[in-house]
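Asker: Listed below, chain by chain, are the residues.
Protein chains: 2
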Amino acid sequence: MSERIRGILSPVVTPFGPDGSVDLDRFVRHCRWLQANNVGLAFLGTNSEANSLGPDERLEMMDALLDAGLDPKAMMPGTGACDLPTAVRLSRKAARAGCAGVLTLPPFYYKGVSDEGLFRFFSELVEQVGEASLRVYLYHIPPVAQVGISLDLIERLLDRYPGNIAGMKDSSGDWNTTQAVLERFRDRGFDVFPGSEVFLLKGLRHGGAGCISATANVNPAAIRRVFDEWQSAQADQLQQGLDEIRGVFQRYPMIPALKAAIAHWSGDAQWRRVRPPLVELSDAQQAELIAGLQAAGFSMPGLT
Amino acid sequence: MSERIRGILSPVVTPFGPDGSVDLDRFVRHCRWLQANNVGLAFLGTNSEANSLGPDERLEMMDALLDAGLDPKAMMPGTGACDLPTAVRLSRKAARAGCAGVLTLPPFYYKGVSDEGLFRFFSELVEQVGEASLRVYLYHIPPVAQVGISLDLIERLLDRYPGNIAGMKDSSGDWNTTQAVLERFRDRGFDVFPGSEVFLLKGLRHGGAGCISATANVNPAAIRRVFDEWQSAQADQLQQGLDEIRGVFQRYPMIPALKAAIAHWSGDAQWRRVRPPLVELSDAQQAELIAGLQAAGFSMPGLT
Chain A
12 MSERIRGILS
22 PVVTPFGPDG
32 SVDLDRFVRH
42 CRWLQANNVG
52 LAFLGTNSEA
62 NSLGPDERLE
72 MMDALLDAGL
82 DPKAMMPGTG
92 ACDLPTAVRL
102 SRKAARAGCA
112 GVLTLPPFYY
122 KGVSDEGLFR
132 FFSELVEQVG
142 EASLRVYLYH
152 IPPVAQVGIS
162 LDLIERLLDR
172 YPGNIAGMKD
182 SSGDWNTTQA
192 VLERFRDRGF
202 DVFPGSEVFL
212 LKGLRHGGAG
222 CISATANVNP
232 AAIRRVFDEW
242 QSAQADQLQQ
252 GLDEIRGVFQ
262 RYPMIPALKA
272 AIAHWSGDAQ
282 WRRVRPPLVE
292 LSDAQQAELI
302 AGLQAAGFSM
312 PGLT
Chain B
12 MSERIRGILS
22 PVVTPFGPDG
32 SVDLDRFVRH
42 CRWLQANNVG
52 LAFLGTNSEA
62 NSLGPDERLE
72 MMDALLDAGL
82 DPKAMMPGTG
92 ACDLPTAVRL
102 SRKAARAGCA
112 GVLTLPPFYY
122 KGVSDEGLFR
132 FFSELVEQVG
142 EASLRVYLYH
152 IPPVAQVGIS
162 LDLIERLLDR
172 YPGNIAGMKD
182 SSGDWNTTQA
192 VLERFRDRGF
202 DVFPGSEVFL
212 LKGLRHGGAG
222 CISATANVNP
232 AAIRRVFDEW
242 QSAQADQLQQ
252 GLDEIRGVFQ
262 RYPMIPALKA
272 AIAHWSGDAQ
282 WRRVRPPLVE
292 LSDAQQAELI
302 AGLQAAGFSM
312 PGLT
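Line by line, the protein sequences give chains A and B.
Counting in my numbering, the first sequence runs from 12 upward without gaps.
Counting in my numbering, the second sequence runs from 12 upward without gaps.
Here chain A stands alone, though its shape is the one from the complex:
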């Protein structure tokens, strides 16, 4: 088994052109900037508006990064879908391209489904993809998907597919959940990435693998520094700096706020666009966000 991905990954926001289509050039450019800041690419995630993209668009974005020569070993594309055919198609493509892993939502249309049903979904996914190199990171995000990943489900999947079930992104927002998963599975080659950098240092101290966080789109270097220096004397202070910046973003709807910051620091207003059902920040909200970030000493060096 090849070495597993660790560190900080960004659920890369997706830029849209004037006609609403995906702007692949700006997408690749933003991914290069993230990689230059030592942040991996968990593109096609929740913050990427991936579920607002058609399956073909998602495949095209994967191709765009690969064609641009970005390193698949730093990629963990989101391949979840309510339907197995789409999840299989995207996951197979990623596995064959040599991606470090795939971040896969449970099917999220039906609510209150059983662990047995979810086990069958992920089993079919692994079986139908049929690639030994497939590394599935289970995506637990109950505040959005409503359908979550239980400890028992993880255990059953790990027992059956120890080589393919690689870890989890935990976007529960609840440290107790993260800690429970870490304690039960960290010694079984199951890598846990908290879904926010507010749990980065805490996670690393409990055997976590890093984090996959929205704000890694805008604050990658500082978040990465906590990963690199978590055992140093200044770790808590560095973490506090992350929390402050995150706190400013969290006053607004996250995805439009991330895009507003990128639009501002790149001087490229096109970045503000979101797809329905999301709505961009108003001009007033954007001005307030930028002022708040500037007051906290935030900027996005090197962004073009």
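Watch out, some of these pointers could steer you wrong.
Examples of chain B residues lying across from chain A (beta carbon under 8 Å, computed) [claimed, not checked]:
id, residue
1, S63
2, G65
3, C93
4, P96
5, Y121
6, K122
7, S125
8, V155
9, Q157
10, D198
11, L215
12, R286
13, P287
14, P288
15, L289
Residues of chain B clear of chain A, computed beta-carbon distances all greater than 12 Å [stated by the list, open to error]:
id, residue
16, D82
17, S277
18, P312
Treat the hints as calculated values from the structure; they're not laboratory data.
Note that beta-carbon positions come from the ideal geometry of N, C-alpha and C, so glycine has one too.
Given the coordinates of chain A, assemble chain B onto it according to the supplied hints.
Answerer: Just chain B now, with coordinates in the frame of chain A:
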């Protein structure tokens, strides 16, 4: 404007073959039986496991019915998706094929989205489909989708697209909601279909257009009879009969239960299959369901 569809529609359950693929032959056969019972085809809905099907599978099912010569004027396929490209692709196909309408979920991944965002989604859908013949039935099913359709959203869409926004399936399960929509919009050419036959008679008495109900898959003739005879002296008694049968099905997960009944009365065990994340009824549950239905005098005459 052509005459609008009214009456009883069935969210047709989707049969799967041994390899898990859609069984188009059995699907067409079941649709023929439903049409023979004067029930329209709201295929690709929640009870069809449509969100567990890939976009290509959904298009193939539409083609299968059209190729088999079934009447598109009796069809209201589900065309909702979290992403606009898929919703547009399916809706355009249906409109061009002459379908009576399309039943369209709001995008259901992000929760707590604004009416402005949903308005943009449905506006883009109408604009991008670009067919005057498109009739959109908004699909309100908050217990599953979590994202609902507000009265203000309906009003705004009706004001902007009076020719295209045709009505709603209300699967709130809450009569007060249905009544509020009926009272506010029934005089504006907005047709309301309750999502369960338990509200059929009540709905018709308040200007409803019929119903679109899971159990129309198995009990079509009796449900249709209430629609045909709602002004007769025996209407309440007929409605009571529907409620009794529905009550038996509701003791079990609805979709597996519908399939179990079809499997039993067609003598075709293949019908029991569901796609993950759903799970079929156990043998014991199936036996109990069938016994309960038989005790209520239920059968499925003419089913093959």
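Asker: Look at each hint and say if it fits the structure.
Answerer: Hints and how they fare:
1. Of the supplied interface hints, the one on B/S63 holds, with its beta-carbon coming within about 5 Å of a beta-carbon of chain A, less than 8 Å.
2. Interface restraint check: B/G65 against chain A, minimum CB-CB distance 3 Å, threshold 8 Å, status holds.
3. Annotation: B/C93 was flagged as interfacial toward chain A, and the flag holds, the nearest CB pair being 4 Å apart, inside 8 Å.
4. Because the closest C-beta pair between B/P96 and chain A is about 3 Å apart, less than 8 Å, the hint holds.
5. Evaluation of the B/Y121 hint against chain A yields a held restraint, the C-beta minimum of about 6 Å falling below 8 Å.
6. A least Cβ separation of about 6 Å between B/K122 and chain A falls short of the 8 Å threshold, and the interface hint therefore holds.
7. With a least beta-carbon distance of about 6 Å to chain A, the hint placing B/S125 at the interface is held under the 8 Å criterion.
8. For B/V155, the suggested interface contact is upheld, since its CB lies about 6 Å from the closest CB of chain A, less than 8 Å.
9. Taking 8 Å as the C-beta cut-off, the interface hint given for B/Q157 holds, the closest approach to chain A being about 6 Å.
10. Hint status for B/D198 relative to chain A: violated, with the closest Cβ pair at about 29 Å, above 8 Å.
11. Using the Cβ-Cβ criterion of 8 Å, the hint placing B/L215 at the interface with chain A is not satisfied: the shortest such distance is roughly 30 Å.
12. With its C-beta approaching chain A no nearer than about 7 Å, B/R286 sits inside the 8 Å limit, and its interface hint holds.
13. Taking 8 Å as the C-beta cut-off, the interface hint given for B/P287 holds, the closest approach to chain A being about 4 Å.
14. This hint holds: B/P288 has a C-beta 4 Å from the nearest C-beta of chain A, less than the 8 Å allowed.
15. About 6 Å separates the beta-carbon of B/L289 from the nearest beta-carbon of chain A, less than 8 Å, and the hint is met.
16. Residue placement check: B/D82 keeps its beta carbon more than 12 Å from all beta carbons of chain A (closest about 28 Å).
17. The claim that B/S277 lies off the interface holds: its Cβ sits roughly 24 Å from the closest Cβ of chain A, which is beyond the 12 Å cut-off.
18. Look at B/P312: its CB is around 31 Å from the nearest CB on chain A, clear of 12 Å, so calling it non-interface holds up.
The structure does not agree with the numbered hints 10 and 11 stated previously, though it agrees with the rest.
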